[in-house]
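Novice: Listed below are the residues making up each chain.
Protein chains: 2
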Amino acid sequence: MRIALDVMGGDRGPEMAIQGALAAVQERNDLHVILVGPRTLLEEQVAGHSSGWHGLRERITVQHAPEVITMDDSPVEAVRKKKEATVMVGFDLVKNGEADALVSAGNSGATMAAAIKKLGRLPGISRPGIAGFFPTVKKPVMLMDIGANVDCRPQHLYQFAVMASSCTRLLLNYDHPRIGLLSIGAETSKGNALVKETHCLLKQGPFNFIGNVEGRDVYKGDVDVVVCDGFVGNISLKISEGLAEAAMQMIKQEIMKTWRAKVGYLLIREALAGFKKQVDYAEYGGAPLLGIDGTGIICHGASNAIAIRNAIEVAANMVRNRVNEAIVHALGEYTA
Amino acid sequence: MRIALDVMGGDRGPEMAIQGALAAVQERNDLHVILVGPRTLLEEQVAGHSSGWHGLRERITVQHAPEVITMDDSPVEAVRKKKEATVMVGFDLVKNGEADALVSAGNSGATMAAAIKKLGRLPGISRPGIAGFFPTVKKPVMLMDIGANVDCRPQHLYQFAVMASSCTRLLLNYDHPRIGLLSIGAETSKGNALVKETHCLLKQGPFNFIGNVEGRDVYKGDVDVVVCDGFVGNISLKISEGLAEAAMQMIKQEIMKTWRAKVGYLLIREALAGFKKQVDYAEYGGAPLLGIDGTGIICHGASNAIAIRNAIEVAANMVRNRVNEAIVHALGEYTA
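Quick note, the sequences are listed as chains U and L, same order. Residues in the first sequence are numbered from 3 upward in steps of one, following our numbering. Residues in the second sequence are numbered from 3 upward in steps of one, following our numbering.
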């Protein structure tokens, strides 16, 4: 299993990516990571790490890619102009069979654009999308799309349902994943024009459609896949991140008001850290690009080494479990 | 100041509404509350309370309304068929000058429909909307629309900005409220088709437009008004409610893992309750209907007495501060 890793993507620099790669190969003996980035920079970094690489060195190799797509680059332009960028070279490795998947913490729009350009779409898929994992009080839920497609038609949301259903079944071992359509009421009549049309279409799909779900239901853990357009999905994700952060701050503000609570804080600090870990995107290992003819995982720009390691793990599991084959098969069931 | 209160709206029954009314008139001497509901039921309830009403009795009166619109009723049909429903009778009081505003914890779609039918729109307003208050680490932010208009055009969002700007200035005493457009990136180029068009329009408005804001920014407190369509707004609200609830459960699950944390919990319990109070909709006193020619406040269906009292307070402040006059004036500045 060979995973290409874009070391230039994350906000925290190549050091963090390399630490993640190291952690990943330490964990699994069958894993090989190809670091993609400027050769001189990578060789310096690798030299700096050499003492800790005992026995792992041969499972971490370097692929030169001189250009970097930044967060400020326009995805379409960047993909056209920066042909030697890390994500472009990384997806070339996947295309040529030299790597099984690419992991990047870079510009997610550009990563998606590069994937479509280099690998193309899976047969029958019109809009690949990004699937995100959300923590709940029970098991994680997959939300799709979380940002790739801001203006969607019903058939796009239908395909998201097919893809996310196959993915959660194979990646998270969910039996007959429960698919919900994100709306503002459980009734079929509730929602905007897109949702009302999509509802009818989802009823006919080869998956376990349980109807509309509301924002409140996302975190209850009684639905496995939540389908929505990329605008609504991205806002849901960011609102959640913002609230989780604000909640920790508000709780601390309240605690600092009394000595009694300050003492209590010392005793529950670990529990709060446990909660933070639970809601932390880092633990959920990045977001699969679904619908491309190959495997790509996008990590949060602020990813730390654990997040990178988890994303590599998720990428490997996507390949091992042949998620793409299952998607094409499921799509065929309907169009047949 | 006379506020009509729909006692049949909330999930918790008329008892809760009456307690809220009692708390409101206790707090302010210039307040009069008109309970709207079935006369016999109200008279029974009022008789049950009589001991606690010392000196307040004359500031709480009863208006008979025999019908009730339930949460399951279709707003349009209910407003057409149930002419004697509490919200219909309540808005009649406002229309006839017998009340200054109506507060209801009932079916929000029906309350909006009844308001439009009985009071009409403010001159120049094409789509009245519902404005919601969200807590942040700093001051509350107003989000509009939170559910009345699921499919919007740019000019509707423009009018939401005008209305919410006037409302936060007068109701929350925000100087030059900062207006943000909810999107998936700060750049003008980011967002769906609706948001991109709206961005251009908001730049021309008679308010302090600070550009696109992301979901993450909502809870930071660096924006005073967040503009979005009612579909996105409602999902933002419900996702937040769901996550806040799930967060409390997750924190408790973590705390129950060790004795040390359990002891700590006893010491921080009050701080957690303080946090819960902060995020609790109850403290934010309901959601103003903006754009109708009169004053109406919608409360959460699960409202307790404190929420009802706060909503009555907000209704009175809307009237005192002549929010509607300010809206019409601000709208004129642009169309002139």
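Treat the hints as calculated values from the structure; they're not laboratory data. Wrong hints could be hidden among the right ones.
Just so you know, same-sequence chains aren't split out, so a pair can sit in one copy or run between any two.
[Unchecked claim] In silico EDC-like cross-links for lysine to aspartate or glutamate, where the CA-CA straight-line distance does not exceed 16 Å: (1) Lys278 <-> Glu247; (2) Lys254 <-> Glu272; (3) Lys198 <-> Glu69; (4) Lys192 <-> Asp153; (5) Lys279 <-> Glu256; (6) Lys279 <-> Glu17; (7) Lys84 <-> Glu335; (8) Lys264 <-> Glu100; (9) Lys84 <-> Glu45; (10) Lys222 <-> Glu69; (11) Lys97 <-> Glu86.
Novice: Of all the hints numbered above, which does this structure not satisfy? Sort the numbers upward.
Specialist: 3, 6, 7, 8, 9 and 10
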